[in-house]
Amino acid sequence: LAKTTQPISMDSYEGQEVNITCSHNNIATNDYITWYQQFPSQGPRFIIQGYKTKVTNEVASLFIPADRKSSTLSLPRVSLSDTAVYYCLVRPRAGGYQKVTFGTGTKLQVIP
Amino acid sequence: ETGVTQTPRHLVMGMTNKKSLKCEQHLGHNAMYWYKQSAKKPLELMFVYSLEERVENNSVPSRFSPECPNSSHLFLHLHTLQPEDSALYLCASSQETGSGAQYFGPGTRLLVL
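From first to last, the protein sequence lines stand for chains Z and E. With our numbering, letter number 87 in the first sequence gets 769, and the count goes up by one each step, no holes. With our numbering, letter number 102 in the second sequence gets 1140, and the count goes up by one each step, no holes.
Simulated from the structure, these hints should not be mistaken for lab results. It is possible that some hints are incorrect.
Pulled a few chain E residues facing chain Z out of the computed Cβ check, cut under 7 Å [to be verified]: (1) Pro1080; (2) Leu1081; (3) Leu1128; (4) Ala1139; (5) Phe1142; (6) Gly1143; (7) Pro1144.
A quick note: this is a predicted structure, and the numbers were derived from the prediction, not measured. Glycine included, each C-beta is placed from N, C-alpha and C at the ideal position.
For reference, chain E alone in the conformation it holds in the complex:
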């Protein structure tokens, strides 16, 4: 248990669906992240939030829309996804400065049909 929770753990959706992934951290951290991990590929950083402001968007398609309503919660809204978007989506948090440790949640395994 890392102090970062993600729901749902598994999700199957069609290409026309709209769904949201939720992440919550109980560590008092100020930075939160979304990563994508596809099969046989390294983790890809998608979004970074610091104190609820987005500080990084690594050229992620607009069909992925993040939301950070407060420093403890992070959402990833999904719409009109493609089958190649099927992957493990990981949320992480860290202290904003001076810390090398990111604490990851268990991930959401997403399958797009």
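The shape of chain Z in the complex, shown without the other chains:
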């Protein structure tokens, strides 16, 4: 199962774009990359998922280079409410959910 590595914490000012990079050097051919957001004392919330190149939704963008050994979550113009822990996960396309681990995530602090 692919192991992921993320920075433990990041600070950003309001209105800035934030990029959080996750390394997953031994990602398998069938693995997808998924990002979650978690606020204190709440369950994680699915943000975005991708397999290769770029994926964008109303919340974030996910950039995946050709070798897929890393991925970058991009949050445009963050606000104070984006202060949370962000988790990068790698999981097989079908099934295998039982082996997914969340890791320690990246704690993002948005500063006024």
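Chain Z is fixed; fit chain E onto it per the hints.
Below, chain E without anything else, positioned relative to chain Z:
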């Protein structure tokens, strides 16, 4: 609101008590999960159910007993817990195959005295 509800939201119990946590999903998903999140630690997957059958038990002590009577409901029965079992217990659900998204409930904050 994620479509996954958990009750109670907070629970205080003694080590000799028996209590149950309840989870319900309104998303039509086939897989349900229990996670434990202790302070300063990553989420730990405890149990996985697929179509009401347990498919994963990550070496969880027997004082935690899951039950999945149907695909919409999941219970975690607790008995003779230890203080170190105090944590946030999260329930999640997902489509059984082909979906990366797990939808989490708000969790039950458990304190064992």
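ask   = Broken hints, numbered, in rising order?
value = none
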